[in-house]
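J.: Below are the chains, spelled out letter by letter.
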Amino acid sequence: MRYKKSKNDIVNEYIESLNEDIAPLFLDIRSTILAAGPSFNESIKWKNCLVYATTKNHIQTVTGKGKISLIFFDGVSLNDKHGLLEGDGSKARTMRINTKDFNKTALTDYVKQTLKNDS
Amino acid sequence: MNIKFQKLKGIPSLHVAFFWKMTVDARSPVTVTDRFIPELFFDYLYIRDGKIKCIDEIAGTQFTVWGQSLRTLYTHPVTFVFSTPLSLYGARLSLRFAESFWEEMKVNCFLKQEWVREEAVSLESFQSQIAAYLERHRVTKFPYPMFSTEFEESGWLSNFSARHKRRLYKTMLGLSRKELHNIQNVHTFLEQTCDFASQNPRIIQHVNPDVFYDQPHLNHTFKKMTGFSPVEYFEANSILQDTLMSASYNEFPGA
Chain X
1 MRYKKSKNDI VNEYIESLNE DIAPLFLDIR STILAAGPSF NESIKWKNCL VYATTKNHIQ
61 TVTGKGKISL IFFDGVSLND KHGLLEGDGS KARTMRINTK DFNKTALTDY VKQTLKNDS
Chain V
1 MNIKFQKLKG IPSLHVAFFW KMTVDARSPV TVTDRFIPEL FFDYLYIRDG KIKCIDEIAG
61 TQFTVWGQSL RTLYTHPVTF VFSTPLSLYG ARLSLRFAES FWEEMKVNCF LKQEWVREEA
121 VSLESFQSQI AAYLERHRVT KFPYPMFSTE FEESGWLSNF SARHKRRLYK TMLGLSRKEL
181 HNIQNVHTFL EQTCDFASQN PRIIQHVNPD VFYDQPHLNH TFKKMTGFSP VEYFEANSIL
241 QDTLMSASYN EFPGA
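Chains as they are written, first to last, in my numbering: chain X, 1 to 119; chain V, 1 to 255.
Treat the hints with caution; some may be incorrect.
Unchecked claim - For lysine to any residue, the following SDA-like pairs were computed, each having C-alpha atoms within a straight-line distance of at most 20 Å:
#, chain 1, residue 1, chain 2, residue 2
1, X, 56, V, 30
2, X, 7, V, 6
3, V, 112, V, 30
4, X, 56, V, 229
5, X, 56, V, 112
Claimed, not checked - Here are the computed distance ranges between Cβ atoms for each label pair:
#, chain 1, residue 1, chain 2, residue 2, range
6, X, 90, V, 79, 20 to 28 Å
7, V, 142, X, 100, 49 to 57 Å
8, V, 135, X, 116, 46 to 54 Å
9, V, 142, X, 119, 31 to 39 Å
10, X, 76, V, 182, 31 to 39 Å
11, V, 213, X, 103, 42 to 50 Å
12, V, 155, X, 7, 40 to 48 Å
Claimed, not checked - A short list of chain X residues far from chain V (calculated; beta carbon distances all over 12 Å):
#, residue
13, 21
14, 25
15, 57
16, 91
17, 99
18, 101
19, 112
20, 116
21, 117
Calculated directly from the structure, the hints in this document are not laboratory data.
Glycine included, C-beta positions come from ideal geometry on N, C-alpha and C.
Between the sequences and the hints, there should be enough to build the whole structure, so can you do that?
T.: Written out as structure tokens, the structure reads:
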């Protein structure tokens, strides 16, 4: 599997352990997020969730069968002009992705907004 | 802030789960706060560069962590304040390490140690020095292990009286079996891949009825152990401990 190695060995181990059916989508999402938010630090939390964080957690990745959910912990503060965020909780919002043709523009926008709100 | 985490395989015969190194750099010096919750592991810490301050609100103390120390088991959370640049090495030790530890095992503290005699220039050099030191100093307190790999009490303890066992646990680990189980129960919950996704977080769906009676039971134990509610905990960032925990969960599934 070819991908940009993380500075965190645990993240690399996690990526290597992904199923072949979900790994390409996972890596595509990861590269989109890191391109939009190069200041993110990646870590694995609670055994199986890749989390993008600065001084606090921002986005959690949960992999399922054929789909990946991105949980924006402070998703309620994002301006969702793309209409792809789900949820009615007081803070978190989720973007579900199940195809390689996902809306990268929207994801990039959400990530940039997340970092802007953080600063 | 630039964080790098490296890991090397442990040495099971010495009860080292894995070795690790974390470096934190920033353009200008900053302090980073990390919340540590109780775990069923010991950590040997070697601070090569930087400083770590430990704030123990429950005990009402704060102190600078020694350059080399053994973090014993904790029953309550503590806060670490790192100053950058930080270069920190560690060895994560399983519960069984206590059975070979040559000093009296205490609880809720950092024991000053000096296992690394020459400056560690790499994780490999740290690993070899720790392994050599453990090999030289370890003792055998019992002929058989106290626990199986699944944290079950070994059969040879079955003939011990309850009082005798209590004393044994206190001497060996500094904690009672009930306290150990409380820690394990919280981690059984955390070890799940919690997808608090589309709507309000549904903690109740992740509460194992074999471990917690109901959600209030989980919340109460969780708060006591971590200082957070489950949802607050999932949102809080912890640079070091989250990484160590996830590595431990994957090294010892179900530990």
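J.: Are the hints correct? Go through all of them and say.
T.: Right, here's what the structure says about each hint:
Proximity of residue 56 of chain X to residue 30 of chain V is assessed by CA-CA distance (about 15 Å); at most 20 Å being required, the pair is judged to hold. Distance restraint check for residue 7 of chain X and residue 6 of chain V: the Cα-Cα separation of roughly 8 Å lies within the 20 Å cut-off, and the hinted pair is therefore satisfied. Taken as a hint, the residue 112 of chain V and residue 30 of chain V pair is broken in the structure, with Cα atoms around 26 Å apart against an allowance of 20 Å. Simply put, residue 56 of chain X and residue 229 of chain V have alpha-carbon atoms about 16 Å apart, close enough for the 20 Å limit, and the pair holds.
Proximity of residue 56 of chain X to residue 112 of chain V is assessed by CA-CA distance (about 31 Å); at most 20 Å being required, the pair is judged violated. The hint said 20 to 28 Å for the Cβ distance between residue 90 of chain X and residue 79 of chain V, and at roughly 26 Å that hint holds. Remark: the range hint 49 to 57 Å for residue 142 of chain V to residue 100 of chain X is upheld by a beta-carbon distance near 56 Å. Range check, residue 135 of chain V to residue 116 of chain X: about 53 Å between beta-carbon atoms, so the 46 to 54 Å window is met.
For residue 142 of chain V and residue 119 of chain X, the hinted distance range of 31 to 39 Å is not satisfied, since their beta carbons lie about 55 Å from each other. Residue 76 of chain X and residue 182 of chain V have their C-beta atoms about 34 Å apart, which keeps the hinted 31 to 39 Å range intact. Evaluation of the 42 to 50 Å hint for residue 213 of chain V and residue 103 of chain X yields a pass: the beta carbon distance comes to about 44 Å. Range check, residue 155 of chain V to residue 7 of chain X: about 45 Å between beta-carbon atoms, so the 40 to 48 Å window is met.
Once the 12 Å rule is applied to beta carbons, residue 21 of chain X is consistent with being away from chain V; the minimum gap is 17 Å. Residue 25 of chain X, annotated as away from the interface, keeps every beta carbon of chain V farther than 12 Å; the closest lies near 17 Å. Listed as outside the interface, residue 57 of chain X is inconsistent with that label: its C-beta sits roughly 5 Å from the nearest C-beta of chain V, within the 12 Å cut-off. With 12 Å as the threshold on Cβ separation, the claim that residue 91 of chain X sits away from chain V is violated: the shortest Cβ distance comes to roughly 8 Å.
Against chain V, the non-interface label of residue 99 of chain X holds: every CB pair exceeds 12 Å, the least being about 18 Å. The claim that residue 101 of chain X is not at the interface with chain V holds, since no C-beta of that chain comes within 12 Å of its own (minimum 22 Å). Every C-beta of chain V lies more than 12 Å from that of residue 112 of chain X, the closest at about 19 Å, which supports listing it as non-interface. Consistency note on residue 116 of chain X: stated as away from chain V, and its beta-carbon is indeed over 12 Å from all of that chain's, at 17 Å minimum.
Interface exclusion of residue 117 of chain X from chain V stands, the closest Cβ pair being 14 Å apart, more than 12 Å.
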